[in-house]
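Here is how the chains run, residue by residue.
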Amino acid sequence: MTTVEKTQSPMLIYLLRRLLYVVPVAIGVSIICFLLVHIAPGDPLTSIMAVDATQEEQAAMRAAYGLDKPLPVQYGIWIGKAATGDLGQSIATGRPVVGEVFNAVRNSLLLAVAASLIAFPTGLFLGFVAGYFRDTVVDKAITAVAITGVSLPNYWLGIVLVIVFSVTLGWLPAMGAGPGSSGGSADWAWNWAHIRHLVLPAVTLSVVPIGIVARTVRALVGDIFSMDFVQALYAKGLNHGAVLRHVVRNAAPTAMSVMGIQLGYLLGGSILIETVFNWPGSGFLLSNAIFQRDLPLLQGTILVLALFFIFANLVVDVAQAAIDPRIKRN
Amino acid sequence: MASAISPLAASSPSGTTVTAPKTRSYWSNVLRRFLKDRIAVACAVILLLLILAAIFAPWLDLADPYRGSMIKRLRPIGTEGLPLGSDEQGRDMLARLIYGGRLTLLIGLLPVVFAFFIATVLGVAAGYAGGWVNTVIMRTVDVFFAFPSVLLAIAISGALGAGIVNSLVSLTIVFIPPITRVAESVTSSVRSLDYIDAARASGGNALTIVRVHVLGNVLGPIFVYATSLTSVCMILAAGLSFLGIGVKPPEPEWGLMLNTLRTAIYVNPIVAALPGVMIFITSLCLNLLSDGLRSAMNVKD
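Each protein sequence line maps, in turn, to chains A and B. Sequential numbering from 464 applies to the first sequence in our numbering. Sequential numbering from 253 applies to the second sequence in our numbering.
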């Protein structure tokens with residue numbers, strides 16, 4: 464057994480170990496999503512039950528939704544169906560939850576990727592410059608920008624941007640995801656009529672990750688520059704550009720992991736921004752589910768988002784291990 | 253072996269009496285370094301003023317924050333008798349912003365305080381005990397970590413329904429996992445140090461060792477980490493109310509005010525944006541204060 468393991472690549476072993484770790488976490492997440500419905504006060508069926516429903520009718524309804532069985536049994540049924548892609552039906556609309564969630568998640572993903580495309584290059588650039596010119600005016604200015612970024616309540620920033628660019632200047636739309644998007648199943652197209660709807664929410668969403676990435680990279684690059692090996696590289700006669708390359712390579716794994724986690728956060732954290740801009744994404748779906756007390760929809764949306772987040776973290780960890788040999792050895 | 257135990261046991265109580273004045277000088281050093289940091293001190297003063305204004309709001313000779321007026325709706329800043337204008341129901345914005353600090357600061361800060369205590373117990377227990385205790389606590393924490401914090405807060409609040417207590421509960425749950433992780437990692441690094449082995453060899457029981465030797469070394473980093481979360485908590489708490497699953501109307505609360513004033517951005521945008529300015533100032537001060545504390549206490553992240 465040991466000889467087999469030795470011949471296998473450490474990357475493969477790392478991948479397997481990381482996958483093994485994900486399984487119990489995913490199960491735990493599904494349990495929390497399932498229990499959410501049961502910590503909710505009141506009967507989940509009150510919103511659709513007739514006010515004058517008799518005891519028998521209520522019991523029949525409960526049996527129809529499987530709510531008459533003990534909790535572990537209910538969980539077993541729910542997770543068994545979820546594993547085959549059936550998250551039940553929305554109580555409010557009667558449509559399958561899976562379809563609604565995937566449409567919404569696609570829109571959220573679009574928004575999250577757009578925000579990342581703004582945030583990551585900007586954050587990396589600012590952080591690198593600040594770390595390189597540590598303790599200078601440039602560093603102080605960038606640090607001020609970064610801390611402002613992480614302190615901004617982004618839902619408020621969204622409102623301010625709407626006030627400036629939609630209400631006052633009239634340049635960009637304040638709401639929705641463009642023509643044909645109101646039903647939740649957006650007919651997204653890569654034309655200006657749609658992209659102009661993406662600008663304000665994406666910019667709003669990018670501000671916090673810009674601050675976080677800039678702060679992390681600044682600390683990282685500053686620390687690496689003060690390490691002995693940088694001196695050694697200069698002493699060896701390497702030119703400035705070559706030394707910078709070494710610094711970047713040392714900073715890359717951590718910077719990547721921060722960005723990966725931020726991408727996951729953007730997907731799950733865009734809920735407030737989606738509400739501000741009426742963006743038909745997962746956050747919008749979630750707030751509808753909350754206000755209509757549509758518990759299967761709430762459960763399903765949160766489950767899918769959390770699993771996405773776990774998956775994003777997994778990809779980040781594996782990618783990080785692929786470029787950083789130190790991780791595989793642990 | 254018996255002879256080796258007695259000098260260790262003897263040094264343990266004398267060690268604590270020697271470190272007592274040294275601990276004081278550490279704190280006076282921290283205070284001195286902190287007071288030199290002008291930005292952090294300024295932020296502390298602003299936060300203190302906001303908190304005092306919120307506490308003593310009823311004695312500040314303000315207008316009634318609940319009484320509206322049909323004819324005085326959405327007046328601009330500087331209107332006679334309405335220094336910061338009025339909201340969509342004609343209520344005095346200055347009074348509502350100051351009263352709004354009561355609930356916003358309460359729901360924005362208390363969860364981190366609760367989470368700090370609960371997570372310190374969990375994290376120190378996991379880090380010190382190790383073994384299956386560590387496994388049970390930390391794997392449970394991992395599950396909660398699989399949710400982005402905004403999503404978790406909204407999910408729990410959404411399921412529990414609106415209300416002040418529900419917001420406090422859901423935000424406390426959100427902040428326990430990250431603090432527990434930090435507490436566990438600092439505790440396990442302290443636990444592997446020689447002086448803990450020495451204390452165990454001299455026969456100290458686990459509770460005494462944790463109280464006397466571990467807590468003093470781990471509370472600082474855990475506290476600094478917890479303060480760095482207050483700004484996020486503040487923004488999230490107001491965000492829950494903004495979504496309509498936090499504080500219920502007609503209570504003045506900054507996030508809720510931002511929500512109810514959203515339709516007013518076409519009429520009176522500056523007044524509509526004011527509650528957000530308050531959230532922003534508070535969260536900026538909390539972040540800068542936390543950074544100041546971190547460098548004053550020499551905590552590395």
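The reader is advised that the hints may include incorrect statements.
Below 20 angstroms or equal to it, Euclidean Cα-Cα: the simulated SDA-like pairs (lysine to any residue) are [what the hints assert, rightly or not]: (1) B/Lys-288 with A/Ala-522; (2) A/Lys-603 with B/Asp-543; (3) B/Lys-500 with A/Ala-503; (4) A/Lys-544 with A/Leu-530; (5) A/Lys-603 with B/Val-293; (6) A/Lys-699 with B/Arg-546; (7) B/Lys-500 with A/Asp-598; (8) A/Lys-603 with B/Lys-500.
Note that these hints are calculated values from the structure, not bench results. Model, not experiment: these values are computed from the prediction.
Verification of the supplied hints:
1. B/Lys-288 with A/Ala-522: Status violated; Cα separation ~69 angstroms.
2. A/Lys-603 with B/Asp-543: Status holds; Cα separation ~14 angstroms.
3. B/Lys-500 with A/Ala-503: With a Cα-Cα distance of about 18 angstroms, the restraint between B/Lys-500 and A/Ala-503 holds, given a limit of 20 angstroms.
4. A/Lys-544 with A/Leu-530: holds, 15 angstroms
5. A/Lys-603 with B/Val-293: Satisfied, since the Cα-Cα distance of roughly 18 angstroms is no more than 20 angstroms.
6. A/Lys-699 with B/Arg-546: violated, 37 angstroms
7. B/Lys-500 with A/Asp-598: violated, 46 angstroms
8. A/Lys-603 with B/Lys-500: violated, 41 angstroms
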